[in-house]
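Starting from the known structure of chain Z, arrange chains V and R on it as the hints suggest.
The lines below spell out each chain.
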Amino acid sequence: MSGDGTAAATTSPAGGAVDKAQYGMAGFLVLVGGYVLWDASTLTEGFADQPVHAYTFPYAIGAVLVALGVALAVATARGDRPQADDGEDVDLSQGTDLRTLGLLVAVLVGTMLTIDWLGWAITGALLFTGATWALGSRTWVRNLAVGTALSIGSWYGFYVGLGVPIPAGILDGVL
Amino acid sequence: MNTPITDGPVVVAYAPDKFGRAALDHGVALARRDGVPLIIVNDTRGDAYVDKRFAGDEELATLERELSADGLTVSVRHDLVQDVAEAVVAVADAEAASLVVVGVRRRTAVGKALLGSVAQRVILDARCPVLAVKPD
Amino acid sequence: MDLLLDGFATALTPENLLFATLGVLLGTAVGVLPGIGPAMALALLLPVTYSVGPDSAIIMFAGIYYGGMYGGSTTSILLNTPGESSSVITAIEGNKMAKAGRAAQALATAAIGSFVAGTIATVLLWVLVPRVADIVVQLGAPSYFAIMLLAFFAVTMVLGSSKLRGFISLFLGLAIAMIGTQTGQARLTFDQPLLADGIDIVVVAVAIFAIGEALWVAAHLRRKPLEIIPVGQPWMSRSDWRRSWKPWLRGTAYGFPFGALPAGGAEVPTFLSYATEKKLSKHPEEFGKGAIEGVAGPEAANNASAAGTLLPLLTLGLPTTATAAVMLSAFEGYGIQPGPQLLDAEPGLVWGLLASLVIANALLLLINLPMAPLWAKLLRVPRPQLYAGILFFACLGAYTVNFQAFDLGLLLALGLLGLAMRRFALPVLPLIVAVILGPRLELQLTEALTISQGDVSTLWSEPVAIIVYALMALLAFVMGVGALRRRATETIIASRATESESDVEHESDVEQKESHR
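Chains as they are written, first to last, in this note's numbering: chain Z, 1 to 175; chain V, 1 to 136; chain R, 1 to 517.
Isolated chain Z (complex conformation) (with noise of 0.2 Å):
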């Protein structure tokens, strides 16, 4: 287990004590894995000489990741602390920023609730600005227009070069 690595202790951010958060994953994977096996729960047989059912892998893997889950929240009561992923353009010092990440969730939400309305290229356009004013860029003026650039640009390129054309929302017949 990493948990017993030196390199673990190196990158974790406070230290010592237990990584409560860890026990959030833990009741994530009992909670999957419980749907699972209800899932697996409601199929029918198939035909009787059928070796394999629809159910047989539901159960086994719905029981697994339940068996798992309770693994990793006992692991993590013994104190293992996950060794989160590093990279060239990570900084593990400073703790995590909620606040860039809500920004950023929100935008591709309203990316989702907005594109059947407004069509790809609009919304590109402002899904490319939102995520550079949510990771701190202020030059919006710059950023809309290398979005719209970009939104309309990938429209044409999919429609003209590879013969796929994304719906236009709104601009039907604009563009």
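Take these hints with a grain of salt, some might be off.
Estimated spans, in silico, between C-beta atoms of each pair [to be verified]:
#1 Z:VAL109 to V:LEU80: 23 to 33 Å
#2 R:SER461 to Z:TRP117: 55 to 65 Å
#3 Z:VAL160 to R:ALA362: 50 to 60 Å
#4 Z:LEU171 to V:GLN82: 29 to 39 Å
#5 R:GLN192 to Z:PRO167: 53 to 63 Å
No lab work stands behind these hints: they were computed from the structure.
The beta carbon of each residue, even a glycine, is placed where N, CA and C say it ideally should be.
Same frame as chain Z, now just chains V and R:
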């Protein structure tokens, strides 16, 4: 040349390029002439992986050492900030600077429309006189 | 041989040459850019598979795969930021060279070494792929089932540091793979008709590799700019050549087998190569201060290993790296079954790919040697625009699958899962492999047991299946020993490096130091 009215320090907005060096040369000359301290500001937003206008720690340390060797009082601000122009103005305000020195460059029409210039914003926002220097 | 010539004919058509060039340019760019790796780039490009021909797309993907390696070594050397564990050594030794004013030589030996290793490894692939494919093509369902179990085993147990986390990721992936109505009954669909066909692999790959990664990096953005070492045109003197060519060959010899084995990975051979070069060098005192052998060997090992991973991918359909897994999903997108039958069913595609690897390598040398300073300029791209761009193309990719806003919802949900996986150190490779192979695992088991009319012993009735199960047992053993040895090697390298010069440290230490500066 501009004559400082108060005896506050001279603030130089520095970058390791010819514009920054031109600003620094003038700043140093003026600070020496008036016997006031010199503050070198070299900040960055830190939003790119590499910022060529953000000097290396060593370079600034050498600069500080050389300049203070012959009697000039030099201090260096080398920080991560939200907004570079705002930070320069804030330092000038906080230190009651007599003068801010910035290096300016020629920009194309498109550049003016799209890019915010640090020098321009310092010139507009600073409450003390600002000296805009062009490299030779 | 004829097939290889046909392959060159495929790869050298103007169109495919264009895609190869595009691939190596994109690959180098994503290798240089922080925050984007080849796996993410491939995931973002999966939508092109809807209309570009399979040969062109796969040739482009291979260019990106190789290009990412070249670009990665550039940033390792100039910035001392190893993007992956396999370039830790390059970062240590190469950055020392660069600081000593030998950046040009470090870049040159890395690029030429990668070219030599990549070319030799590609020739080995030409020889080995048809031979191995001949053996595996006769396999029945039980053997294939065993091989897929081996794939799960390899990516879960061997490549990660924590087995528990590997399994969590694997089974989450299997659960995702169950979604849909492939078996005739709706499983895990939440009564949602849009889930009846399961979740498209493009959505899963983009969510896990692009959204998850972008959100993770956004939450932990490095704010302080790094000091880059200015560099001119890479070149090497006669003595540099003399000191480099043997390490290149030895590195290749280490790298290829490790990449080709399902239990491979590029990390171990780079460490082995480094240790060997240090032992054999006439200048052992230079190691840890910028020895050219210490860049040449590990870089060659890294590239040869990358090429080696194509052997299990093309002959067995087993991905052993994240990038290979995304390439596999591209095959799936074309309805091409990767696996024992691939070479038989698609000889033109496979040989076109194998031929294009040599072309990609030559192109990479051409664009990397003279243009290294130009590539370094990419590092000035501001982060907000870079990561916003990733999110933009991720949403575009997921939306173009079905033009359903629902897919964007899935993208976000799975992206948050990807974020959580990075937070809790769950490896992403087992999940993506499970999503791809899960349904086929169920299919092969069903097929095997239907033929044997429910007799479970059929699973070990074929010799290959028995060999594979034995291999898994053997791997489990070797892995136990290997883990101990690897830990020892790392400690030795770290301690020696610290001895010889105090500021050579491990990746994490270096980063901590930077943040305290």
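Taking the hints in turn, this is what the structure says about them:
no.: 1; hint: Z:VAL109 to V:LEU80: 23 to 33 Å; in the structure: holds (30 Å)
no.: 2; hint: R:SER461 to Z:TRP117: 55 to 65 Å; in the structure: holds (58 Å)
no.: 3; hint: Z:VAL160 to R:ALA362: 50 to 60 Å; in the structure: violated (32 Å)
no.: 4; hint: Z:LEU171 to V:GLN82: 29 to 39 Å; in the structure: holds (36 Å)
no.: 5; hint: R:GLN192 to Z:PRO167: 53 to 63 Å; in the structure: violated (21 Å)
In this structure, the earlier hints numbered 3 and 5 are contradicted, and the remaining ones agree with it.
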